[in-house]
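K.L.:
Listed here are the chains, written in short residue letters.
There are 2 protein chains.
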Amino acid sequence: MNNFTFHNPTKIIFGRDTHHQVGTELNSFGIKKVLLLYGTGSIKKSGLYDQTIRALDEAGVDFVEFDGVVSNPVISHAREAVRVAKEHKVDGVLSVGGGSVLDEAKAVAAGAVVEHDVWDFYTGTQIEASLPVFSIMTLAASGSEMNGNSVITNETTQHKFSFNSIHSNPKVSILNPELTFSVDPSYTAYGSVDAISHVIEGYFTQSSGAAIQDRLAENIIISVIESTNIIINDPKDYDARAQMMWAATMALNGLPKNGLEDIGFPNHMIEHALSALFNIAHGAGLAIVIPAWMQWYADKKPDRFSRFAKEIFGVETAEDGIKALKNWFSKIGAPVTLSEVGIYDKDILAISANAAVMAEMWGLGDEYSEKEIKEVLYLAL
Amino acid sequence: MNNFTFHNPTKIIFGRDTHHQVGTELNSFGIKKVLLLYGTGSIKKSGLYDQTIRALDEAGVDFVEFDGVVSNPVISHAREAVRVAKEHKVDGVLSVGGGSVLDEAKAVAAGAVVEHDVWDFYTGTQIEASLPVFSIMTLAASGSEMNGNSVITNETTQHKFSFNSIHSNPKVSILNPELTFSVDPSYTAYGSVDAISHVIEGYFTQSSGAAIQDRLAENIIISVIESTNIIINDPKDYDARAQMMWAATMALNGLPKNGLEDIGFPNHMIEHALSALFNIAHGAGLAIVIPAWMQWYADKKPDRFSRFAKEIFGVETAEDGIKALKNWFSKIGAPVTLSEVGIYDKDILAISANAAVMAEMWGLGDEYSEKEIKEVLYLAL
Chain B
82 MNNFTFHNPT KIIFGRDTHH QVGTELNSFG IKKVLLLYGT GSIKKSGLYD QTIRALDEAG
142 VDFVEFDGVV SNPVISHARE AVRVAKEHKV DGVLSVGGGS VLDEAKAVAA GAVVEHDVWD
202 FYTGTQIEAS LPVFSIMTLA ASGSEMNGNS VITNETTQHK FSFNSIHSNP KVSILNPELT
262 FSVDPSYTAY GSVDAISHVI EGYFTQSSGA AIQDRLAENI IISVIESTNI IINDPKDYDA
322 RAQMMWAATM ALNGLPKNGL EDIGFPNHMI EHALSALFNI AHGAGLAIVI PAWMQWYADK
382 KPDRFSRFAK EIFGVETAED GIKALKNWFS KIGAPVTLSE VGIYDKDILA ISANAAVMAE
442 MWGLGDEYSE KEIKEVLYLA L
Chain E
82 MNNFTFHNPT KIIFGRDTHH QVGTELNSFG IKKVLLLYGT GSIKKSGLYD QTIRALDEAG
142 VDFVEFDGVV SNPVISHARE AVRVAKEHKV DGVLSVGGGS VLDEAKAVAA GAVVEHDVWD
202 FYTGTQIEAS LPVFSIMTLA ASGSEMNGNS VITNETTQHK FSFNSIHSNP KVSILNPELT
262 FSVDPSYTAY GSVDAISHVI EGYFTQSSGA AIQDRLAENI IISVIESTNI IINDPKDYDA
322 RAQMMWAATM ALNGLPKNGL EDIGFPNHMI EHALSALFNI AHGAGLAIVI PAWMQWYADK
382 KPDRFSRFAK EIFGVETAED GIKALKNWFS KIGAPVTLSE VGIYDKDILA ISANAAVMAE
442 MWGLGDEYSE KEIKEVLYLA L
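Just so you know, the sequences run in chain order B and E. Residue numbering for the first sequence follows the working numbering, beginning at 82 and increasing consecutively. Residue numbering for the second sequence follows the working numbering, beginning at 82 and increasing consecutively.
Since the list gives no way to pick one copy over another, a pair counts as held whenever it fits inside one copy or between any two copies.
Under the rule of at most 35 Å between Cα atoms (straight-line distance), these lysine-lysine pairs were calculated in the DSBU-like manner:
#1 455 with 427
#2 382 with 317
#3 125 with 317
#4 412 with 455
#5 382 with 404
Don't read these hints as lab results, they were simulated from the structure.
All chains, please: the whole structure from these sequences, using the hints.
P.N.:
In structure tokens form, the structure reads like this:
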């Protein structure tokens, strides 16, 4: 078991009707005026927008709205939101939506307290302070609700980069599984793939770890599969949506990677290049990259892959385990090949060049040059 | 899955040599002078005392010592420590030891900022502020390193009562598994029983929960058993000590109980009475109470007990699962009957009367009167 530091101060409020508490939570942090950040209107259709406004009003919290956050959020929009946050002197940022809205909220909160471009945080500048961030989640996927990560795409440079800072951990995240009842089947599937991806990166790439951590990772994967299988038949099954939401949060709250040595995020690295260039949903991109990467990587860690096959799918060989996962991704409605999303041979060069830039930034340069990334991508065709 | 709130801001620093960081951690919280609280001298023998003093000196943190904390810490000693903390105007409390020292440290830190008796916090007065608490752990058992719980015995009233407050969560807990190498076989066993007890209370008493939470609890129990089996043969096996230490922390950091409905801590209730009156080690008392309570309770939750038998010991019936746990407690060196620790028939009346007071305080009065507590205790003879 490797040395580690674990520190996750985010308060999680989980369950039915909990989103009505947002106003009192903001009060408890002394927030007078928030930037209310959201996407492209689904919260208006669902009634969540009205309920949020009412909760803010009742708690006497003033707000400024900023909408239009897109899936795979972009830096130009975040810059505009920073400008609005500064202009109105808000003292907090409230994200109402999925991981994309929350990722942008973290950018805005950090950007609002500095004079330089918010993109600098994605290229190496450390975050030393931030407005407090709060969230009401409408999607079980990214785990952004309980970590300090943010991923944003720079449309000009076509880079999808990330930062991580404890200053960006939400102070409070409200997780009401009922708010995910209306998530369509595709995004439900992408969310499941995303949550699984967050634990299998460390699960497979570790050079050493601990059995307790293996079982924790396996529990999360099994919980996601178990819940998703129920949700695809009954999208309003509360317990399945709840387990899915909690599993997605646990997947990237820092716990699963404790004690693991030498872990990397190669699937995310390649997927970020994919979605930076082609704007496909992150979970869809992962469903394509992961089985190909597993096939490419399995020989390097045979024990890990046998264990995965046995513990998750009850099959014997690494190969059968990979097949089982790929089939399951496909069954729940996620694409598992590049061609399914209209990406072909001719595009691989651009993707691998883009990903290779990240390999250097993420300390994976020794293992992944353009050559290796291409090998993975060819297996994904 | 029941609604829940999870908020655990304690920072965990885990691994080899990590205790040397204590000074810099205190610096990062702006601490100038701490009360250094410890037990009855084992940290002097092991060299940890000298290493701690050196780390404080190097970081320029002043300190006042207060030693003599006993296993099953007592309120008279905590009161004296509060007096010393106030007299020397310390701005933090550093616990170096096991759960007993840390429980008393939390009492001292809360007591140092009020004028009333610190015992009031154990009988209903809410904690609204506390000096910051820090810990270097030398035992894997109580989970006190990552929660706001404190248990103390009042020698005058012979009550062993507890409080819980987020203000009492350690700011930083340093967990170096090497510091547990010298824990003797008995206390190693008691620690293992204690850690297991923290998850099985909720595991068995819940009226509803979630599969992800069941698997989390089972993972912790299996991890403790797996590690302890190695440690009893090789007390200096780092990975086993590490997994044990992390499992004990996870057992009572709030995660396992998330989403569980209607849980109680009946075994702790009865054990607290036992150790308040007879001053036996908490883990020893639990090893006696748990198998008896399980036997008494199994019919009320047959599904939970079958699941436990199958998942933990691979046996079929509830009865065999209970036997397997009792045998395992015995095998690792914990007592499993009252007579083994010199408690007999004639003592049961006093224990059940004492526990019944707690049943009322802990909201278990409907289920546990003296009659039911006696039934459990008779099964433990």
